[in-house]
Amino acid sequence: QKEVEQNSGPLSVPEGAIASLNCTYSDRGSQSFFWYRQYSGKSPELIMSIYSNGDKEDGRFTAQLNKASQYVSLLIRDSQPSDSATYLCAAGRGHTGTASKLTFGTGTRLQVTL
Amino acid sequence: DVKVTQSSRYLVKRTGEKVFLECVQDMDHENMFWYRQDPGLGLRLIYFSYDVKMKEKGDIPEGYSVSREKKERFSLILESASTNQTSMYLCATEVDGYEQYFGPGTRLTVT
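Protein chains in written order, with our numbering: chain A, 1 to 114; chain B, 1001 to 1111.
For reference, chain A alone in the conformation it holds in the complex (with noise of 0.2 Å):
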């Protein structure tokens, strides 16, 4: 059983500070990776993908990829309450034969205080 780990939090850090979200993976052939930020009662928003080793950056998120570790990582710096929300993590092969699957997380709700 493929199997996407995160802590379900809540993370609670102050406004201006930088949120740290962690991922393991159990799956030793996953190539893709991927970070959505769910609202509540809204549908899951791709915010970063990474593929390689290393860290990815995109404005104020940076993403970080350990692939012998097997763990994923999304930092946001000068978190802002508009960032509160549940962040998921996703896996996935790449294409083996039709499609691409993902591996998904249980997600780790963020919450940014005043």
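Because the hints were derived from the structure by calculation, they are not lab data. Please note that a few of the clues may not be correct.
As the list claims (entries may be wrong) - Restraint-style ranges between C-beta atoms, simulated for each label pair: (1) B:E1079 with A:A68: 39 to 47 Å; (2) B:T1005 with A:Y39: 25 to 33 Å; (3) A:Y39 with B:L1041: 15 to 23 Å; (4) B:P1039 with A:R28: 28 to 36 Å; (5) B:R1014 with A:N7: 37 to 45 Å; (6) B:L1041 with A:P81: 24 to 32 Å; (7) A:G59 with B:V1012: 36 to 44 Å; (8) B:E1062 with A:G59: 38 to 46 Å; (9) B:D1026 with A:Y39: 36 to 44 Å; (10) A:N7 with B:D1059: 19 to 27 Å; (11) B:E1062 with A:D78: 42 to 50 Å.
Claimed, not checked - EDC-like mimics (lysine to aspartate or glutamate), calculated; alpha carbons at most 16 Å apart, straight line: (12) B:K1071 with B:D1051; (13) B:K1071 with B:E1017; (14) A:K2 with B:D1059; (15) A:K42 with B:D1038; (16) B:K1003 with B:E1022; (17) B:K1003 with B:D1028; (18) B:K1070 with B:D1038; (19) B:K1003 with A:E45.
Beta carbons: idealized from backbone N, C-alpha and C, even for Gly.
Assemble chain B onto chain A, guided by the hints.
Frame of chain A, contents of chain B only:
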């Protein structure tokens, strides 16, 4: 921008009814997916389609079927709705072979 639309945001149906959930994408993408999301269980794949009339079962296909007669449209069918199918249903389309983008979701309640 990737645009995925779903036919209803909220739906209430009775036990035993046949339910159709529709998803439309406007980007000519080949791969489309249906998930359900439940608290504590996360997103679980029901079915996906990789071309017109082509489909594969996901992790939890029991009680569901799908239809894809046109490339832009992927329908999820609950043959005989049951209360344990009360859930948030999410459709996604795949971009560039890897990234999946979701529609707004349909919150289905079966009474």
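How the hints compare with the structure:
no. : hint                           : in the structure
1   : B:E1079 with A:A68: 39 to 47 Å : 46 Å, holds
2   : B:T1005 with A:Y39: 25 to 33 Å : 18 Å, violated
3   : A:Y39 with B:L1041: 15 to 23 Å : 19 Å, holds
4   : B:P1039 with A:R28: 28 to 36 Å : 29 Å, holds
5   : B:R1014 with A:N7: 37 to 45 Å  : 39 Å, holds
6   : B:L1041 with A:P81: 24 to 32 Å : 28 Å, holds
7   : A:G59 with B:V1012: 36 to 44 Å : 40 Å, holds
8   : B:E1062 with A:G59: 38 to 46 Å : 42 Å, holds
9   : B:D1026 with A:Y39: 36 to 44 Å : 23 Å, violated
10  : A:N7 with B:D1059: 19 to 27 Å  : 23 Å, holds
11  : B:E1062 with A:D78: 42 to 50 Å : 46 Å, holds
12  : B:K1071 with B:D1051           : 7 Å, holds
13  : B:K1071 with B:E1017           : 27 Å, violated
14  : A:K2 with B:D1059              : 11 Å, holds
15  : A:K42 with B:D1038             : 13 Å, holds
16  : B:K1003 with B:E1022           : 14 Å, holds
17  : B:K1003 with B:D1028           : 11 Å, holds
18  : B:K1070 with B:D1038           : 29 Å, violated
19  : B:K1003 with A:E45             : 12 Å, holds
Of the numbered hints stated above, those contradicted by the structure are hints 2, 9, 13 and 18, listed in ascending order.
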